[in-house]
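2 protein chains.
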Amino acid sequence: MIDIEEFGIHEGISEVIFTTISPDGIPNAAPMGLHRKGGRLFARIYNSKTLDNVLSKPTAAANITDDPVLFVQSALSDIEAGRFEYADGVPVLLNASGWVIFECKCKKGENVSVVELSPIKGKINQLKLQPVNRGFNAVIEALIHATRYVVFKEQKYLERIEYYDAIVKKCGGEREKDAMRLLYEQVEK
Amino acid sequence: MIDIEEFGIHEGISEVIFTTISPDGIPNAAPMGLHRKGGRLFARIYNSKTLDNVLSKPTAAANITDDPVLFVQSALSDIEAGRFEYADGVPVLLNASGWVIFECKCKKGENVSVVELSPIKGKINQLKLQPVNRGFNAVIEALIHATRYVVFKEQKYLERIEYYDAIVKKCGGEREKDAMRLLYEQVEK
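Protein chains in written order, with numbering that gives the first Met the number 0: chain P, 0 to 188; chain S, 0 to 188.
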């Protein structure tokens with residue numbers, strides 16, 4: 000029995016990297032919000048490779064990481080096959096601080112599907128002391144606007160990204176600055 | 000010898016709660032950014048109780064915590080004496096995940112002083128797995144605008160607070176919502 004509290008998954012929305020596998024065995028990674036509300040744990044998944052994978056094989060892993068580059072790569076480009084390992088056939092990220100594998104029950108919607116998550120297995124790789132870094136947090140916010148920008152191409156999203164980039168420049172470390180460089184490369188494509 | 004990396008204090012700015020003591024023995028707590036750049040570790044401290052304390056007794060503790068209520072209380076109101084303990088006469092927060100005590104060398108400025116920090120002692124109380132919670136991060140951002148609002152009373156800061164409050168409502172847990180209630184109480188005074 001998994002206690003998801005030990006994995007820091009509390010009430011509210013936890014942002015993780017969700018890993019799934021396609022019918023032909025290709026792993027996929029994408030940022031995902033895990034909603035915990037009352038006794039429920041679920042994700043709201045838009046039509047995507049992640050949703051296709053979960054519909055064909057209803058297991059997925061939530062990878063917990065504080066690496067801002069992994070968030071940007073999984074949202075806007077791809078994570079190479081060599082950076083996954085497998086637990087009971089489910090892909091997880093080699094560099095995650097920990098992961099939980101879930102059984103997924105999908106309620107298919109037109110644009111967004113609600114996927115109920117039941118934890119079946121978990122692993123903690125590294126526990127940490129983690130002071131707040133506003134630079135890291137700003138990468139996550141910038142990334143949300145970046146994923147909208149690449150779809151809608153609206154100027155307001157670029158302005159938001161710039162607002163957060165200023166916080167990264169002021170408060171972030173090298174890893175956060177690398178993440179923003181990668182984000183801008185993908186956005187300017 | 001303290002390795003501040005073990006305390007998660009990396010390049011960039013780490014947001015912690017700084018605790019100091021007054022000449023008459025009253026502990027004080029305030030949010031603080033610890034700047035780590037090249038080999039240096041320092042804080043930029045505005046004229047405040049914290050600065051007065053450090054000028055009279057040049058030691059301070061950086062408390063690492065993920066409790067959003069502690070951040071809001073220490074920024075906008077006071078933390079009760081019963082929530083401190085003492086290490087070599089320096090106040091630290093009972094509920095911190097960890098703390099580092101620093102020797103402080105102040106270079107007094109007119110409005111802001113640069114305080115160089117040399118770690119002398121540290122303690123880890125609790126290591127964690129901590130997925131990203133955008134609600135928690137939004138409390139920290141809202142708090143920065145709140146500390147400006149209480150001084151300058153400009154509408155733009157209230158608008159920023161509202162922007163972040165919407166993220167807390169969507170993504171935060173009970174503790175983040177408590178923190179925002181406390182923030183609004185203090186701001187509306």
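Just so you know, these hints were derived from the structure itself, not from any lab. Hints are supplied without guarantee of correctness; some may be wrong.
Identical chains share a label here; the pair holds if one copy fits it or two copies do between them.
[Said to hold, decoys possible] For lysine to any residue, the following SDA-like pairs were computed, each having C-alpha atoms within a straight-line distance of at most 25 Å:
#: 1; residue 1: Lys188; residue 2: Ser55
#: 2; residue 1: Lys176; residue 2: Arg35
#: 3; residue 1: Lys169; residue 2: Ile139
#: 4; residue 1: Lys168; residue 2: Asp87
#: 5; residue 1: Lys155; residue 2: Arg35
#: 6; residue 1: Lys106; residue 2: Tyr183
#: 7; residue 1: Lys127; residue 2: Phe151
#: 8; residue 1: Lys107; residue 2: Lys155
#: 9; residue 1: Lys106; residue 2: Gln125
#: 10; residue 1: Lys168; residue 2: Glu5
#: 11; residue 1: Lys169; residue 2: Gly7
#: 12; residue 1: Lys106; residue 2: Pro57
#: 13; residue 1: Lys107; residue 2: Asn94
#: 14; residue 1: Lys36; residue 2: Lys169
#: 15; residue 1: Lys36; residue 2: Asp65
#: 16; residue 1: Lys104; residue 2: Asp66
#: 17; residue 1: Lys168; residue 2: His34
#: 18; residue 1: Lys127; residue 2: Glu158
#: 19; residue 1: Lys176; residue 2: Ala86
#: 20; residue 1: Lys169; residue 2: Ile143
#: 21; residue 1: Lys127; residue 2: Lys188
#: 22; residue 1: Lys155; residue 2: Ser21
Handout entry: Violations among the numbered hints
Key = 1, 4, 5, 6, 7, 8, 9, 13, 16, 18, 19, 21, 22
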